[in-house]
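K.L.:
Residue strings, one per chain:
There are 2 protein chains.
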Amino acid sequence: MVNPRYQKRLERCGHLMKETGLDVILLSKPANLFYLTGDGRLCAYAMVTQGGKVALGVPQTDVEDVKQVAHFDHLVGFEDEVGMIHSIAHYFMHFNISKGVLGLEYTFLTQVMMGMFTHPHAKPKGVTVKDCTHIMSELRIVKDAEEIENIQRAAKVADVGMDAAVKAVKPGLSESQIAAESEYAMRQNGAEGFWRTYVSSGPRTNIAHGLPTLRKLQNGDLVMIDVHPIVNGYSADMCRTVCVGKPTVEQQTA
Amino acid sequence: MVNPRYQKRLERCGHLMKETGLDVILLSKPANLFYLTGDGRLCAYAMVTQGGKVALGVPQTDVEDVKQVAHFDHLVGFEDEVGMIHSIAHYFMHFNISKGVLGLEYTFLTQVMMGMFTHPHAKPKGVTVKDCTHIMSELRIVKDAEEIENIQRAAKVADVGMDAAVKAVKPGLSESQIAAESEYAMRQNGAEGFWRTYVSSGPRTNIAHGLPTLRKLQNGDLVMIDVHPIVNGYSADMCRTVCVGKPTVEQQTA
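Residue numbers (my numbering), protein chains in the order written: chain A, 222 to 475; chain B, 222 to 475.
The hints are simulated quantities; they were obtained by calculation from the structure and are not laboratory data. A couple of the hints might just be wrong.
In silico DSSO-like cross-links for lysine-lysine, where the CA-CA straight-line distance does not exceed 30 Å [said to hold, decoys possible]: (1) Lys437(B) to Lys346(A); (2) Lys437(B) to Lys388(A); (3) Lys250(B) to Lys388(A); (4) Lys239(B) to Lys377(B); (5) Lys377(B) to Lys388(A); (6) Lys377(A) to Lys391(B); (7) Lys351(A) to Lys391(B); (8) Lys364(A) to Lys388(A); (9) Lys388(B) to Lys377(A).
Given the sequences, and given the hints that come with them, work out the whole structure.
P.N.:
So this is what it looks like as C-alpha cells:
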C-alpha cells in the first residue's frame with residue numbers, strides 16, 4: 222500500500238538517520254510504529270532503512286489485519302520469539318546490511334527485548350547499536366493537519382470525560398467509581414481507550430501518579446482527576462481538582 | 222511498620238538470593254514492589270538486601286502516602302532522576318555494599334532505567350549486575366491464603382464484567398462501547414482498574430492483542446471479549462467469544 226503520508230514521514234526519518242549516522246532502525250514502540258506505518262500494535266517490529274524501506278514483523282495471527290491497515294514493503298508473520306529473531310536476521314540480509322549502526326528505542330526496550338533484537342542470530346556482528354529515541358522525538362514533534370485534528374478530537378473527548386467525572390463526585394463513591402463514569406463517557410464519545418485515568422482524593426491528591434483506588438470520597442475532600450483518552454492513536458491530557466461539597470475559604474483561595 | 226507477611230516474604234526472598242548468588246536486589250516493577258512491601262507504584266524503587274532490609278525511594282510527593290501503606294526500613298523521597306540516582310548510591314553505602322552482585326528486573330527495565338540504576342553515581346564499581354526476574358517469579362508462584370482470596374475476588378469481578386459485555390453486544394455498537402459497559406460494571410463492583418480490556422470483532426477476532434477499536438459490530442460477527450480486572454493488586458483473566466445475532470450452523474459447531 223503506497224501512501225504519500227508515510228512516504229513523506231519515512232523520507233524525513235531517513236534524513237535524520239543520515240544526519241546522526243544511523244543506517245537502519247528497528248522500532249517496536251506502538252506509537253512510533255503507528256507514526257511511520259499507520260499501524261501500531263504490541264509484539265510487532267518495523268525495520269526501517271535510511272532509504273525509507275519498511276519491513277514489518279507481526280504475530281502470525283495478525284498478518285491479514287496488518288495488510289489492511291499498514292504501509293510496508295515487506296511483511297512477515299512469526300509464531301514465537303525464535304521466529305521473530307530469525308525474521309530480523311532475514312531482513313538484515315534482504316536489505317544487504319552486514320555492518321553499520323542500528324538505532325533502537327532505549328526508552329522503550331526492556332533488557333530482554335534488547336537481548337532479542339541484538340541476539341547473534343538476529344543482528345549481524347558488524348552492526349553496532351545506538352539509541353534512536355531522539356530521532357523519533359524530533360520526527361514527531363511537529364504535527365501535520367490530520368494529527369492536529371486527531372488531538373483536537375481527543376481534547377473534545379477529554380472535555381466530555383472530565384465533565385462526567387466532575388458531575389459524579391459525591392461522598393461515598395470510590396475513586397474508581399469516579400473513573401468509571403469518566404471512562405464510560407469517553408468510550409461512548411469516540412475514545413478507543415485511555416492512557417490511564419487518575420483519580421486521587423483527600424490525603425492522596427498530591428501524589429505523582431494518582432491511579433484510582435477503592436478509597437471513598439468524604440465531604441470536604443479535594444479530588445484530583447486526570448483523564449487521557451486516546452482517539453485514533455492520539456491522546457489529550459486534562460486535569461482538574463474539585464471539592465466534595467462546599468469548599469472552605471482556604472480551599473477556595475488556594 | 223512491621224508486618225509478619227512481608228517479613229516472611231523477605232526471608233524467602235533472601236534464601237533465593239543466597240542460592241543464586243545475589244547480594245542485593247533493586248526492584249521497580251510495581252507488582253514486585255507490592256509483593257515485598259505492600260505498596261506498588263510507578264517511579265519508585267525498593268533496594269532489598271539478602272538479610273531482608275528494605276530501602277524505598279519514591280517521588281517526594283508520595284512520601285506521606287507510602288508511609289501509611291508500605292513495609293520498609295528506610296524511606297526517601299526524590300525530586301527527579303538525579304535525586305533518585307544519588308539516593309540509590311546512599312543506600313549502597315548505608316547497607317555497606319561496595320562489591321557483590323546486584324539483581325535487576327531484566328523483563329521490566331528499559332535501557333534508560335537500566336542506565337540510571339547502574340549509573341556510576343548510583344552503583345559502586347565493585348558491584349556487578351544480573352537478572353533477578355526468575356527469583357521474583359519463583360517467589361510469587363505459590364500464593365498465600367490472602368492472595369488466593371484476592372484472585373477469587375478478581376475472578377468474581379471478571380464474571381460481572383463479562384456478563385455486562387456479552388449483554389451489550391448488538392449491531393451498530395463499537396468494540397470500544399462494548400469495553401465501556403464491561404469496564405463500568407467492573408469498577409462499580411470493586412475493580413480499582415484493569416490490565417487492558419480486549420474486544421475484537423469480525424475479521425479482527427483472531428489477532429493476538431485485540432485492543433478495542435471504533436469498528437462497529439455487524440450482524441453475524443463473532444466478537445472476542447477478554448477482561449482483566451485488578452482487585453487489590455491481583456488480576457483475573459476471562460475470555461469469551463460470542464456471536465452478534467443468531468450464530469450460523471458452522472459457527473455453532475466450531
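K.L.:
The structure should be examined with respect to each hint, and the outcome stated for every one.
P.N.:
Outcome of the hint check:
{"no.": "1", "hint": "Lys437(B) to Lys346(A)", "in the structure": "violated (48 Å)"}
{"no.": "2", "hint": "Lys437(B) to Lys388(A)", "in the structure": "holds (29 Å)"}
{"no.": "3", "hint": "Lys250(B) to Lys388(A)", "in the structure": "violated (34 Å)"}
{"no.": "4", "hint": "Lys239(B) to Lys377(B)", "in the structure": "violated (39 Å)"}
{"no.": "5", "hint": "Lys377(B) to Lys388(A)", "in the structure": "holds (29 Å)"}
{"no.": "6", "hint": "Lys377(A) to Lys391(B)", "in the structure": "holds (26 Å)"}
{"no.": "7", "hint": "Lys351(A) to Lys391(B)", "in the structure": "violated (49 Å)"}
{"no.": "8", "hint": "Lys364(A) to Lys388(A)", "in the structure": "violated (33 Å)"}
{"no.": "9", "hint": "Lys388(B) to Lys377(A)", "in the structure": "holds (29 Å)"}
Of the numbered hints listed earlier, those contradicted by the structure are 1, 3, 4, 7, 8.
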